[in-house]
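*Asks:* Protein sequences appear in the order of chains Z and R.
Reminder that position 181 of the first sequence reads as 181 in this note's numbering, one-by-one numbering, no gaps.
Reminder that position 253 of the second sequence reads as 253 in this note's numbering, one-by-one numbering, no gaps.
Do not take every clue at face value.
Any copy will do: because identical chains look the same in the list, a pair fits if it lies in one copy or spans two.
EDC-like cross-link-like pairs, simulated, lysine to aspartate or glutamate; straight-line CA separation at most 16 Å [what the hints assert, rightly or not]:
id, residue 1, residue 2
1, Lys275, Asp59
2, Lys194, Glu46
3, Lys78, Asp249
4, Lys194, Glu250
5, Lys266, Glu276
6, Lys103, Glu246
7, Lys194, Glu246
8, Lys78, Glu35
9, Lys156, Glu204
10, Lys34, Glu46
11, Lys110, Asp198
12, Lys194, Asp249
13, Lys72, Asp82
14, Lys72, Asp235
15, Lys52, Asp82
16, Lys22, Asp82
17, Lys78, Asp198
18, Lys3, Glu87
If you're looking for bench data, these hints aren't it; they were derived computationally from the structure.
2 protein chains.
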Amino acid sequence: MEKIGFVGLGIMGKPMALNLLKAGFVVVAYNRTKEKVEAIVKAGGEAASSPKEVAENSDIIITIVSDTPDVKDVILGKNGVDAGVKEGSVVIDMSTISPSVTKNIAEKLKAKNVEMLDAPVSGGDVGAINGTLSIMVGGNLETLNRCRPIFEAMGKSITHCGTNGMGQTTKLCNQILVSVTNMAVGEAILFAQKSGLDAHTMVEATKGGAAGSWQLSNLGPKMVDNDFAPGFMIDLQQKDLRLVIEAADELHLPLPALTYVHQLYKSNQANGEGKEGTQALYKSICKLA
Amino acid sequence: MEKIGFVGLGIMGKPMALNLLKAGFVVVAYNRTKEKVEAIVKAGGEAASSPKEVAENSDIIITIVSDTPDVKDVILGKNGVDAGVKEGSVVIDMSTISPSVTKNIAEKLKAKNVEMLDAPVSGGDVGAINGTLSIMVGGNLETLNRCRPIFEAMGKSITHCGTNGMGQTTKLCNQILVSVTNMAVGEAILFAQKSGLDAHTMVEATKGGAAGSWQLSNLGPKMVDNDFAPGFMIDLQQKDLRLVIEAADELHLPLPALTYVHQLYKSNQANGEGKEGTQALYKSICKLA
Chain Z
1 MEKIGFVGLG IMGKPMALNL LKAGFVVVAY NRTKEKVEAI VKAGGEAASS PKEVAENSDI
61 IITIVSDTPD VKDVILGKNG VDAGVKEGSV VIDMSTISPS VTKNIAEKLK AKNVEMLDAP
121 VSGGDVGAIN GTLSIMVGGN LETLNRCRPI FEAMGKSITH CGTNGMGQTT KLCNQILVSV
181 TNMAVGEAIL FAQKSGLDAH TMVEATKGGA AGSWQLSNLG PKMVDNDFAP GFMIDLQQKD
241 LRLVIEAADE LHLPLPALTY VHQLYKSNQA NGEGKEGTQA LYKSICKLA
Chain R
1 MEKIGFVGLG IMGKPMALNL LKAGFVVVAY NRTKEKVEAI VKAGGEAASS PKEVAENSDI
61 IITIVSDTPD VKDVILGKNG VDAGVKEGSV VIDMSTISPS VTKNIAEKLK AKNVEMLDAP
121 VSGGDVGAIN GTLSIMVGGN LETLNRCRPI FEAMGKSITH CGTNGMGQTT KLCNQILVSV
181 TNMAVGEAIL FAQKSGLDAH TMVEATKGGA AGSWQLSNLG PKMVDNDFAP GFMIDLQQKD
241 LRLVIEAADE LHLPLPALTY VHQLYKSNQA NGEGKEGTQA LYKSICKLA
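Between the sequences and the hints, there should be enough to build the whole structure, so can you do that?
*Replies:* Shown next as structure tokens:
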């Protein structure tokens, strides 16, 4: 069995690494904050002192960190994966980052005979804990198939989206859909409430038809009840929407609705609501009225 | 069994009236264009020469016509329902029109001891033919219950939304949700295609999660395939969005996303695409890039 390296043990990474151990994989892990590695060692994993050391001691290296510069740093930086990686290894980046930077990193690794997959996820920390993530994979299909048992230990839906970067592009499409659909729900609920219509009744009456969405069924009732506890936090969504807008800029592509939602979330952040759930978009929509 | 009057035998009204006959109701029908009444007479219904005559000869009068002025005309105008309606009758308006005008008409009828229900529908002509419409009802619950067997002959989901006008308000919320969610799908598909990502793959990868919606699953693939045949026509949607914006204006309520979609549909109309399906919004989104 191939040995797995794991870089990044945050809210998502830690439960994902634990699921790999549970599935019987050998895992060697690194995290910037050392304490987080202890949980992996306790569960039977090994600790490494740098991404380089992780790469030297494994065949498949998974990275899942915060943002584009972090991925560049742990893969291409000093003591990065690139400094220790063996020919024939695979690097899987499961962070959500720039599609174009992903392509660049993949090309650099390819020059060393190292394949890369971009494999961002959706499903949140609950999906990470339960091993039910949706995994959107860019890169060679052969490489994906080699890594499939690893993905299956962490997720329930694994989609091959295309070449390097296409996993990231799919994830960004997901975030466009999530955000603008959330806006649809917020405007409909505001219109209902200002009209004196019971908004729960409205959600029930509309969710089964052409108006229906996951956002309406799941976040609509929370908006109505002023329940803004985070499922997915606005601050994290904003990072992803920034990636969407940066990628769209590279393509000279206007995305007016998505950009507008990004601006309204900025209003949430300016009002100290960045740690609330994305349904708090409703508060910014209400402020317009 | 109460006798049903039926005013308006268009794409929606005709199959709805036929379903009432099929369910065993006595139906007396009027339509501005006389030929359309013949189909009802052939199916066992009676013809009337005006909305007034319809009202004189029935206990429950259904109206389903195009727009707010049409409803005012057939109910309150010369030879309208109001001129012939008997005390204790019920007027059910199943058109999609202004919630505030609906309230006014209901008050005028109430002065004559006539109850009104607003009961706009969703589900399109297919739902009308199959008797599977969703019916959103505003008005007294007692009156709704009196009319329930009639609604059950035409629809599969009947929701009591509140007082007079709240059925219309719910329908307008439905149209906000449908339109802005459609925008979400269009921007995601454009981003996918400009990025070189196969957009069908993107739809498949995202539709099962938090990004999922009826619009994504049903209209997304049509956008990708440039299939703009109408399920629901832009010209009709524009009438409904105008009603949303008029009602929002009465409430001094900004709805920036909905208004933006309305503008993009105007671009479709300006380009001769008003008879295409609402998924042709995608063409206007593409023109921005």
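*Asks:* At most 16 Å between alpha carbons: which applies to Lys156 and Glu204, within, between, both or neither?
*Replies:* between (29 Å within a copy, 14 Å between copies)
*Asks:* For Lys78 and Asp249, with the copy left unspecified, which applies at a CA distance of at most 16 Å: within, between, both, or neither?
*Replies:* neither (30 Å within a copy, 59 Å between copies)
*Asks:* Using 16 Å as the alpha carbon limit, work out where Lys34 and Glu46 are close: within a copy, between copies, both or neither.
*Replies:* within (12 Å within a copy, 84 Å between copies)
*Asks:* When no copy is specified for Lys22 and Asp82, does a C-alpha distance of 16 Å or less occur within a copy, between copies, both, or neither?
*Replies:* Classified as neither; 28 Å inside a copy, 74 Å across copies.
*Asks:* Taking 16 Å as the upper bound on the Cα-Cα distance, should Lys72 and Asp82 be classified as within, between, both, or neither?
*Replies:* within (10 Å within a copy, 74 Å between copies)
*Asks:* For Lys72 vs Asp235, is the C-alpha pair at or below 16 Å within one copy, between two copies, both, or neither?
*Replies:* Answer is neither; intra-copy 21 Å and inter-copy 50 Å both fail.
*Asks:* Up to 16 Å between alpha-carbons, please classify Lys110 paired with Asp198: within, between, both or neither.
*Replies:* Neither way: Lys110 and Asp198 sit 58 Å apart in one copy and 24 Å across, limit 16 Å.
*Asks:* With 16 Å as the alpha-carbon cut-off, assign the pair Lys194 and Glu250 to within, between, both or neither.
*Replies:* Between copies only: 10 Å across chains, 40 Å inside a chain, cut-off 16 Å.
*Asks:* At most 16 Å between alpha carbons: which applies to Lys103 and Glu246, within, between, both or neither?
*Replies:* within (15 Å within a copy, 48 Å between copies)
*Asks:* Can you tell me if Lys78 and Asp198 fall within 16 Å by alpha carbon in one copy, between copies, both or neither?
*Replies:* neither (58 Å within a copy, 36 Å between copies)
*Asks:* When no copy is named, should Lys78 and Glu35 be tagged within, between, both, or neither for a Cα gap of at most 16 Å?
*Replies:* neither (22 Å within a copy, 82 Å between copies)
*Asks:* When Cα atoms must be at most 16 Å apart, do Lys52 and Asp82 count as within-copy, between-copy, both, or neither?
*Replies:* The answer is within: 7 Å in one copy meets 16 Å, while 84 Å across copies does not.
When the structure is compared with the earlier hints, violations turn up for hints 1, 2, 3, 8, 11, 14, 16, 17 and for no others.
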